[in-house]
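K.L.:
The task is simple: from the sequences and hints, build the whole structure.
Order-wise, the sequence lines are chains Y and V.
Okay, so the first sequence: first residue is 272 according to this note's numbering, each after it adds one.
Okay, so the second sequence: first residue is 586 according to this note's numbering, each after it adds one.
Don't take every hint at face value.
Claimed, not checked - In the PhoX-like style, the derived pairs of lysine-lysine whose C-alpha atoms are separated by at most 25 Å in a straight line are:
1) 350(Y) x 313(Y)
2) 313(Y) x 592(V)
3) 592(V) x 316(Y)
If you are wondering where the hints come from, they were derived from the structure by calculation, not from laboratory data.
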Amino acid sequence: RKEVEQDPGPFNVPEGATVAFNCTYSNSASQSFFWYRQDCRKEPKLLMSVYSSGNEDGRFTAQLNRASQYISLLIRDSKLSDSATYLCVVRSGGSYIPTFGRGTSLIVHP
Amino acid sequence: SAVISQKPSRDICQRGTSLTIQCQVDSQVTMMFWYRQQPGQSLTLIATANQGSEATYESGFVIDKFPISRPNLTFSTLTVSNMSPEDSSIYLCSVRTGQETQYFGPGTRLLVL
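P.N.:
Quick look at the structure:
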């Protein structure tokens, strides 16, 4: 089982839709969780951290479910500019090296 | 935050040759990494660049193939040696700040013929 697994998609949604991605992780000792966004032919950039209590930033909501070992990202009122690949990133307490998921591709169409 | 630049941004090379990629950060950082990303794949960590000592390589990557230098806290180089078409990829420099956020350089797109 891979350390961090994501559905590669693509998720193809119309503008204004709500879309959610999940990411599962295998190491129960994982301590830090993040969502990164990567636009086509660009470098990854931090979208948001995921805290135990959840995290909301405008149209984006990230949640952590430790019992089931997954994190989620919810995007409300999708915009065309949200089209990108969303990378799940997990770091265990015993390592300073985070593990990147393969990414979930989102396409928002008019 | 950290602003990272990489040179070259892209290159086309002949097999058997070597390419050195430079990474410059606008501030002193402790943690600096080199990643590879192949099309449609996740980021794969090559090594952690350690200032003043040998880099720490991940499984599957060796110093003879990917020598790394880190002379100070703002600069590092990665060399891809004796290249083959399988080395065609995007190579990304990354740093981590005290807040655990990772910043990435714009990447170097390498095509080996």
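K.L.:
Give a verdict on every hint.
P.N.:
Verification of the supplied hints:
Only pairs whose Cα atoms come within 25 Å are accepted, and residue 350(Y) paired with residue 313(Y) is accepted, the gap being roughly 19 Å. The straight-line distance between the Cα atoms of residue 313(Y) and residue 592(V) is roughly 15 Å, inside the 25 Å bound, and the hint therefore holds. For a cut-off of 25 Å, the pair hint linking residue 592(V) to residue 316(Y) stands: about 19 Å separates their Cα positions.
The structure fails none of the hints (numbered hints given earlier).
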